[in-house]
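Novice: Using the sequences and the accompanying hints, generate a full structural model.
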Amino acid sequence: GQSLEQPSEVTAVEGAIVQINCTYQTSGFYGLSWYQQHDGGAPTFLSYNALDGLEETGRFSSFLSRSDSYGYLLLQELQMKDSASYFCAVRDMGNTDKLIFGTGTRLQVFP
Amino acid sequence: DTAVSQTPKYLVTQMGNDKSIKCEQNLGHDTMYWYKQDSKKFLKIMFSYNNKELIINETVPNRFSPKSPDKAHLNLHINSLELGDSAVYFCASSQGGLAGGEETQYFGPGTRLLVL
Numbered sequence: 008g009q010s011l012e013q014p015s016e017v018t019a020v021e022g023a024i025v026q027i028n029c030t031y032q033t034s035g036f037y038g039l040s041w042y043q044q045h046d047g048g049a050p051t052f053l054s055y056n057a058l059d060g061l062e063e064t065g066r067f068s069s070f071l072s073r074s075d076s077y078g079y080l081l082l083q084e085l086q087m088k089d090s091a092s093y094f095c096a097v098r099d100m101g102n103t104d105k106l107i108f109g110t111g112t113r114l115q116v117f118p
Numbered sequence: 002d003t004a005v006s007q008t009p010k011y012l013v014t015q016m017g018n019d020k021s022i023k024c025e026q027n028l029g030h031d032t033m034y035w036y037k038q039d040s041k042k043f044l045k046i047m048f049s050y051n052n053k054e055l056i057i058n059e060t061v062p063n064r065f066s067p068k069s070p071d072k073a074h075l076n077l078h079i080n081s082l083e084l085g086d087s088a089v090y091f092c093a094s095s096q097g098g099l100a101g102g103e104e105t106q107y108f109g110p111g112t113r114l115l116v117l
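In order, the protein sequences belong to chains B and V.
Heads up: the first sequence begins at 8 in our numbering, then just goes up one per residue.
Heads up: the second sequence begins at 2 in our numbering, then just goes up one per residue.
There's no promise every hint is true.
[To be verified] Here are the in silico distance ranges between beta carbons for each label pair:
#1 Leu115(V) x Ser76(B): 37 to 47 Å
#2 Arg113(V) x Glu84(B): 46 to 56 Å
#3 Gly60(B) x His78(V): 43 to 53 Å
#4 Pro70(V) x Val20(B): 47 to 57 Å
#5 Gln9(B) x Gln96(V): 15 to 25 Å
#6 Gly97(V) x Thr64(B): 38 to 48 Å
#7 Gly60(B) x Asn18(V): 47 to 57 Å
#8 Gly29(V) x Ser76(B): 28 to 38 Å
#9 Gln15(V) x Phe36(B): 43 to 53 Å
[Said to hold, decoys possible] Listing some non-contacts, in silico: residues in chain B with all C-beta distances to chain V over 10 Å:
#10 Ala23
#11 Thr30
#12 Tyr31
#13 Thr110
In short, the hints are calculated from the structure, not lab data.
Every residue gets a Cβ at the ideal spot worked out from N, C-alpha and C, and that includes glycine.
Specialist: Structure (structure tokens):
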């Protein structure tokens, strides 16, 4: 089966850097996605890594190590508006090819 | 222009009732999904349609019936609502055939269903 593990909660202060880790167990692997969800809002796609290494998009970067079945989302220069839940996700390469989400990491940014 | 829209945004109803949630996407995507998010924020897929054809049907009670009249619409009908159906239901869409296409999903605003 497929499983993804993320920390349940992370706290940080404005201006800091925070890293949200995700380890996965899959029977096959295409790539790792990250989604952001604010309270009361919808999940929003942030990034997708299919290859090893770091991909940067503004203040957010995402990293993947396929050999370690591990990835992380790095948020720099944290702002209050970054307070949200962050989900990693992988595609199930079984019959259904569905996207499986981790349990989410709640990030709280304090002033 | 809203990419993925759902109606209604809130739905409060009594046990045993039947209700429908509508979803439309104007992104030209081939694949649409229904997800259920429970109170612990666990996001789980229920159904997936590709070009009006059912692709994924998770172990969802058959009281839930999706309908896709065309590839831009995917509606969800729920019969005999139960207390445990209370959750947020999200519609989403994606464009397959591209690297990362399936993994890049666009979600609607969600429908908050409360069954009393």
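Novice: So, for every hint listed, does it hold in this structure?
Specialist: Comparing the hints with the structure gives:
Distance hint check for Leu115(V) and Ser76(B): the Cβ-Cβ separation is about 38 Å, which falls inside the suggested range of 37 to 47 Å. A hinted range of 46 to 56 Å for the beta carbons of Arg113(V) and Glu84(B) is inconsistent with their spacing of about 33 Å. Take Gly60(B) and His78(V): their Cβ atoms lie about 45 Å apart, and the range 43 to 53 Å holds. At roughly 50 Å, the beta-carbon separation of Pro70(V) and Val20(B) lies within the given 47 to 57 Å, and the hint holds.
Separated by about 23 Å at the C-beta atoms, Gln9(B) and Gln96(V) satisfy the suggested range of 15 to 25 Å. Look at Gly97(V) against Thr64(B): about 22 Å separates their beta carbons, and that is not inside 38 to 48 Å. The hint said 47 to 57 Å for the Cβ distance between Gly60(B) and Asn18(V), and at roughly 51 Å that hint holds. Range check, Gly29(V) to Ser76(B): Cβ separation about 34 Å, and the 28 to 38 Å hint holds.
Hint check: Gln15(V) to Phe36(B), Cβ distance near 45 Å, so the stated range 43 to 53 Å holds. No beta-carbon of chain V comes within 10 Å of the beta-carbon of Ala23(B); the shortest separation is about 24 Å. Separation of Thr30(B) from chain V is adequate, the least Cβ-Cβ distance of about 18 Å exceeding the 10 Å criterion. Every C-beta of chain V lies more than 10 Å from that of Tyr31(B), the closest at about 13 Å, which supports listing it as non-interface.
Taking the minimum C-beta to C-beta distance to chain V, about 6 Å, the non-interface status of Thr110(B) is violated against the 10 Å cut.
Hint compliance for this structure: hints 2, 6 and 13 are not met, and every other hint is.
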